Structure formats: structure tokens, C-alpha cells
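Knowing the structure of chain A, use the given hints to seat chain B on it.
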Amino acid sequence: MAEQHQEARVPTVIADELHIVYKVNGARKGKGSATAALSRIMRRGEERGVREVHAVRGVSFVAYKGEAIGLIGSNGSGKSTLLRAIAGLLPAERGKVYTNGQPSLLGVNAALMNDLTGERNVILGGLAMGMSREQIRERYQEIVDFSGINEKGDFISLPMRTYSSGMAARLRFSIAAAKDHDVLMIDEALATGDRKFQKRSEARIRELRQQAGTVFLVSHNNKSIRDTCERVLWLERGELRMDGPTDEVLKEYEKFTAK
Amino acid sequence: MSESTHDGPVAVSPRPSPDDGLTAAELAAKYGLSVSGARPAIPAYVRQLWNRRHFIVAFSRAKLAAQYSQAKLGQLWQVVTPLLNALVYYLIFGLILNAGRGLPKDVYIPFLVTGVFVFTFTQTSVMSGVRAISGNLGLVRALHFPRASLPISFALQQLQQLLVSMVVLFVVVMVFGSRPSLSWLLIVPALLLQFAFNTGLALIMARAGAHTPDLAQLMPFVTRTWMYASGVMFSIPAMLEGRPGWIADVLQWNPAAVYMDLIRFALIDGYGSENLPPHVWAVALGWAVVILAGGFVYFWKAEERYGRG
Numbered sequence: 001m002a003e004q005h006q007e008a009r010v011p012t013v014i015a016d017e018l019h020i021v022y023k024v025n026g027a028r029k030g031k032g033s034a035t036a037a038l039s040r041i042m043r044r045g046e047e048r049g050v051r052e053v054h055a056v057r058g059v060s061f062v063a064y065k066g067e068a069i070g071l072i073g074s075n076g077s078g079k080s081t082l083l084r085a086i087a088g089l090l091p092a093e094r095g096k097v098y099t100n101g102q103p104s105l106l107g108v109n110a111a112l113m114n115d116l117t118g119e120r121n122v123i124l125g126g127l128a129m130g131m132s133r134e135q136i137r138e139r140y141q142e143i144v145d146f147s148g149i150n151e152k153g154d155f156i157s158l159p160m161r162t163y164s165s166g167m168a169a170r171l172r173f174s175i176a177a178a179k180d181h182d183v184l185m186i187d188e189a190l191a192t193g194d195r196k197f198q199k200r201s202e203a204r205i206r207e208l209r210q211q212a213g214t215v216f217l218v219s220h221n222n223k224s225i226r227d228t229c230e231r232v233l234w235l236e237r238g239e240l241r242m243d244g245p246t247d248e249v250l251k252e253y254e255k256f257t258a259k
Numbered sequence: 001m002s003e004s005t006h007d008g009p010v011a012v013s014p015r016p017s018p019d020d021g022l023t024a025a026e027l028a029a030k031y032g033l034s035v036s037g038a039r040p041a042i043p044a045y046v047r048q049l050w051n052r053r054h055f056i057v058a059f060s061r062a063k064l065a066a067q068y069s070q071a072k073l074g075q076l077w078q079v080v081t082p083l084l085n086a087l088v089y090y091l092i093f094g095l096i097l098n099a100g101r102g103l104p105k106d107v108y109i110p111f112l113v114t115g116v117f118v119f120t121f122t123q124t125s126v127m128s129g130v131r132a133i134s135g136n137l138g139l140v141r142a143l144h145f146p147r148a149s150l151p152i153s154f155a156l157q158q159l160q161q162l163l164v165s166m167v168v169l170f171v172v173v174m175v176f177g178s179r180p181s182l183s184w185l186l187i188v189p190a191l192l193l194q195f196a197f198n199t200g201l202a203l204i205m206a207r208a209g210a211h212t213p214d215l216a217q218l219m220p221f222v223t224r225t226w227m228y229a230s231g232v233m234f235s236i237p238a239m240l241e242g243r244p245g246w247i248a249d250v251l252q253w254n255p256a257a258v259y260m261d262l263i264r265f266a267l268i269d270g271y272g273s274e275n276l277p278p279h280v281w282a283v284a285l286g287w288a289v290v291i292l293a294g295g296f297v298y299f300w301k302a303e304e305r306y307g308r309g
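Just so you know, the sequences run in chain order A and B.
Numbering follows UniProt numbering, with no gaps: position 114 of the first sequence is 114.
Numbering follows UniProt numbering, with no gaps: position 19 of the second sequence is 19.
Chain A with its partners taken away, still in its complex shape (with noise of 0.2 Å):
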């Protein structure tokens, strides 16, 4: 499948020895007490009750126009931080990582503000990802339509505090899908919401695919990354542990699973 596009294999994304370090503050081991915490700034000086997670260790990979990857891995295995790397959302440690345009994450957990109404969120979330006033008015109902919020009463005109999680999710998903994106990396969205609303995601992830030159999906779900997919990345403890057509890599990665 990748050959339908060698003559013109475009890069869209190069990660080049990538690394990303997370500083947990408050995480090191040992008493949580008031004198711990003072030996050990007396003790470390730099490094008091700060721990590293390496959450990225060297991946390098480059993904071209056209093409839909899919990222596998245990759960922690840094799939989630990649994307994040990738979009530029996260600083790089050490390595980089060169994109055409803007990439585009749209994630389940794209934080909004839970003490303002579903509305603001919606017109706040599309200010904030560089759209337009207008824009916003053309899309708004068909943003909340797509979400569902409303089909069990006027739910968009209360803070999403009051939201149930998977309301919460369906919104944020919503509003991230609203935009049209270059790069397109989808986080698990396909997981969220009950079946009518993934059915109505997955329809919106094949058309937002449609225009983006290159989609990353990263899922649990082997099924969908084989309906999606041509070529798959294996993520294992931060590193690149497998990157190849995803009929290849997805059987070592059941062998491995299964054991």
C-alpha cells in the first residue's frame, strides 16, 4: 500500500532522535513530611523533589503525504506523548521533530474549562485553536448538534461541571473535530462516547481524513487500526520497537500481547 505513493513520497512529519523528559514536581520517593522535603533541598540543591520521566527515548520515523499510521503500544508506552511532541504541544528534551504546517491533535482529553457554560467552551475552544468569530457562528449548532449535548434537554447552557464524563468527552471531541487540519493525529477519540456517537466520529475522522495529508491514529483497538492503517509504529517503554506495513508489525504485536 505505501507504494501507491512512491512517486510522490512528500514528508510531512520527521522525527529525528526524539526525547521527551516530563518533570513531575512532588513525585520523588520517600516521606511526603515538611523535614524530608527540606534535607532534601539541603542534600540535592538542583534536584530536590523533582522526578524525570522518560517518557520518549530516540524515535526517529519519517511519515509522508497520504499516509494513515497507526501507533501501538502498551498503555504508557509514551503513544499519547509522541502526538503531543509532535503537534508541538510538548518541549522536546533533546532531538526534533519537522512537520509541514500546523499538526493537529484532536484528543478526548483536550482540557476545556469546567466552571463555564458548554457554549462558551465550544466558542472559546475554536478562538483558541485560530478560528474565527464567524466561522464559529457558521459551525456552531453543527458542533453541538454532532456532540449530542442537547439531545436530552438544553445541557449547552450549563457549566460543563455538571457534565457526566461522557458528555464531557463527546464536547471536547466535538469542538476539536470542528476545525479542517493538515496533519491529523487522533487519540483513541474512536473509544469515546456510546455507539451512536462513534459511529458519527468515525464518519467524521473519515472525511477530516480525506482532506489532511497525514493521519496518525493511535488505538487499543486492533480492528480499527487495520481498517485505517497501511503502515504502523509499535511503541514499547518509549522506543520504537517496530515500524512497517500493519499486517507485519500488528502480528509480532499480537505475539507479543499474547505472552
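Please keep in mind that the hints were generated in silico from the structure rather than gathered at the bench.
Misleading hints may appear alongside valid ones.
In silico lysine to aspartate or glutamate, EDC-like type, Cα no more than 16 Å apart, as pairs [claimed, not checked]: (1) 96/A to 304/B; (2) 179/A to 207/A; (3) 23/A to 214/B; (4) 23/A to 93/A; (5) 72/B to 115/A; (6) 179/A to 134/A; (7) 199/A to 227/A; (8) 196/A to 151/A; (9) 96/A to 26/B; (10) 105/B to 269/B; (11) 223/A to 207/A.
Okay, the calculated beta carbon distance ranges per label pair [stated by the list, open to error]: (12) 259/A to 220/B: 51 to 57 Å; (13) 42/B to 101/A: 41 to 47 Å; (14) 140/A to 42/B: 30 to 36 Å; (15) 238/B to 50/A: 47 to 53 Å; (16) 101/A to 294/B: 31 to 37 Å; (17) 114/A to 238/B: 23 to 29 Å; (18) 87/B to 152/A: 42 to 48 Å; (19) 40/B to 180/A: 20 to 26 Å; (20) 153/A to 294/B: 49 to 55 Å.
All of these numbers come straight from a predicted model, not from anything done at the bench.
Backbone N, C-alpha and C fix where the C-beta goes; we use that ideal spot for every residue, glycine too.
Coordinates of chain B only, in the frame set by chain A:
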């Protein structure tokens, strides 16, 4: 690095391509790819911010509206909170400690209320600046926008809050005998300069707070010390009589005191220019320009690093 040198047992494209042998940087340059999340130059950054102006305004309004959304009295607290503050300071400093010496009573109360409101504007800008990035990491990690939008938006929220307080202030000032006059128009440039100063301060605190969240615990003490040193509840020259003159000069030229004095001078009839330090407008302008420009550059220098945990 070309795509044929992956880690792992399977290489994607065995077929030779003209791009083989190029390093990642060369390949990126060839196809016009740019580094993801790289910091733009200052002119481009300013342009990006300008494009997000609707977001900045909408965000500040939404935050303002949401601030008291869980309280029964709702938005009324916007007015009541600063009034209660002024009342507490009047009880302690005005009545018990008699800090108002050197000023007649009908000047002291508007003097105190103006001071509290104007200083609160700077104080809350600092405090919300500290949390602008560290308190919105979810937003920073989820969406793309120039990060300076957040501290600027928070400073703008405080400006709107102050405008509500100003209505209360007008009433207080008039109750104590001042009448609206042309000099009231001076509060417009004074508040604009203070807003510029506060925005710069919020930008500085946002970067510092993103790196060291502990500042949120420390800053209340710093701002309180600053408040007591700036003559919010007493007249600096009257209080420091008999001390070396330079102490009063330093205190009076500190930005918080400068902006407070400008607003007092504009609003209160009995508070004449003899209470102001020399060259006060130049000092006000200087602080605003230096802190805003410095804070903006300081914040921008770490633009690509916000969002790391």
C-alpha cells in the same frame, strides 16, 4: 536520518529514493518542513497574538463571569469584595492605628479606598499571572496558541474587574465631597499605564510560576509587603517625616505608589499635586514601558518550553 534507518527489524521502504542519505534536517529543509513547536521571532509572535485577540478578550470575560458563578450573590461579589477590603483597612488603620494623620478625614477615606482598589488591581494581576500557565496546563497541552495570550488575558480580566470597582469608587469619592471634574479624565491614561505595567508583571510571573509553582505560595507575602510599603493606607511623606528623605523618595517612586497617587490626584479634590513626587507622569510611563517590554521578551524567550510538566 532517512526513513530506511529505523530502529527495529522492519524497514519501510527498501526501494532507493533520491532522498536516501539525507539527514533529517536536510530532508526537512528540502521539503520546507519546520520544527514543530519552535519559538517564532518576536514580530511573528506579536502577529500571532494579534490574531488571537478575540480569544484573549473572550477568555478574560468568561473567566470574569465564572469567577463567582458558584456563589449565591453571584456577580455582586465583584463590588462587595473590594468594599469589604476597604472597610477592614479603615477599621484597623483609620480608626485603631490612626494611620490617616496628615490627611483630613474627608480625604482619608477616599484616599484609602482608592489605594486599596488600585493596589488590588496590581496584586491580583501578579497572583493570576503566577497561575496563568501552571494553572492551565491542560489547555496549554491540548491546544495551539501563543502562550502569552494567557497572562495577557488574566491581566485584562483584572482590568475589567477594576472597572466595576471604579463605579463604587466614584460613589465613595462623591459621598466624601469630591465632584466630577475634568481632572477625572486623567484616570484614563493612569489606568492604561498601570494596565501595561500589570501585563508586563503578569508575563514575568507567568514564566516564573510555570517553572517554579511554589511562587503561588510565596507571592501573597511579597505583595502584602509591597502593599504596606507603598502607602495604601497612609501618606508616605506624612508618615516618614523626620526620616532621611531618600526613603520617602524610593517608596513614592515605586510603581504601585505612583499609580495610586495618580488616581487619587485625579479623583480627590483635597488631594493636590503637593502630594505627588516630581516627574510623576514620566515615572509612570517609564515603569509601564520597561516592565511591559521586558516582561514580554522574558516570557517569549521560554515560549517553546511551556507545557512541560
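Now the hints, each set against the structure:
1. With a CA separation close to 12 Å, the supplied pair residue 96/A and residue 304/B stays within the 16 Å bound.
2. Distance check on the hinted pair: residue 179/A and residue 207/A sit about 11 Å apart at the alpha-carbon level, within 16 Å; holds.
3. For the hint linking residue 23/A to residue 214/B, the alpha-carbon distance of about 15 Å falls within 16 Å, and the restraint holds.
4. A hinted pair counts as satisfied when its Cα atoms are at most 16 Å apart, and residue 23/A with residue 93/A qualifies at roughly 11 Å.
5. Between residue 72/B and residue 115/A the CA atoms are separated by roughly 15 Å; this keeps the pair inside 16 Å, and the hint holds.
6. Between residue 179/A and residue 134/A the CA atoms are separated by roughly 13 Å; this keeps the pair inside 16 Å, and the hint holds.
7. Taken as a hint, the residue 199/A and residue 227/A pair is honoured in the structure, with Cα atoms around 14 Å apart against an allowance of 16 Å.
8. For the given pair, residue 196/A sits about 12 Å from residue 151/A by alpha-carbon distance, which is consistent with the 16 Å threshold.
9. Restraint check: the Cα-Cα separation between residue 96/A and residue 26/B comes to about 13 Å, which is no more than 16 Å; the hinted pair holds.
10. Restraint check for residue 105/B and residue 269/B: the C-alpha separation of about 13 Å stays at or below 16 Å, so the hint holds.
11. Between residue 223/A and residue 207/A the alpha-carbon distance is near 19 Å, which puts this suggested pair outside the 16 Å criterion.
12. Between residue 259/A and residue 220/B the beta carbon distance is about 54 Å. The supplied range of 51 to 57 Å therefore holds.
13. For the pair residue 42/B and residue 101/A, the supplied restraint of 41 to 47 Å is violated, since their beta-carbon distance comes to about 22 Å.
14. Remark: the range hint 30 to 36 Å for residue 140/A to residue 42/B is upheld by a beta-carbon distance near 34 Å.
15. Separated by about 49 Å at the C-beta atoms, residue 238/B and residue 50/A satisfy the suggested range of 47 to 53 Å.
16. A C-beta distance of roughly 33 Å is found between residue 101/A and residue 294/B, which places it inside the suggested range of 31 to 37 Å.
17. As the Cβ distance of residue 114/A to residue 238/B is approximately 49 Å, the hint placing it in 23 to 29 Å is violated.
18. Distance hint for residue 87/B and residue 152/A: a CB-CB separation of about 46 Å, consistent with the stated range 42 to 48 Å.
19. The hint said 20 to 26 Å for the Cβ distance between residue 40/B and residue 180/A, and at roughly 22 Å that hint holds.
20. For residue 153/A and residue 294/B, the hinted distance range of 49 to 55 Å is satisfied, since their beta carbons lie about 51 Å from each other.
Checked against the numbered hints above, the structure breaks hints 11, 13, 17 and satisfies the rest.
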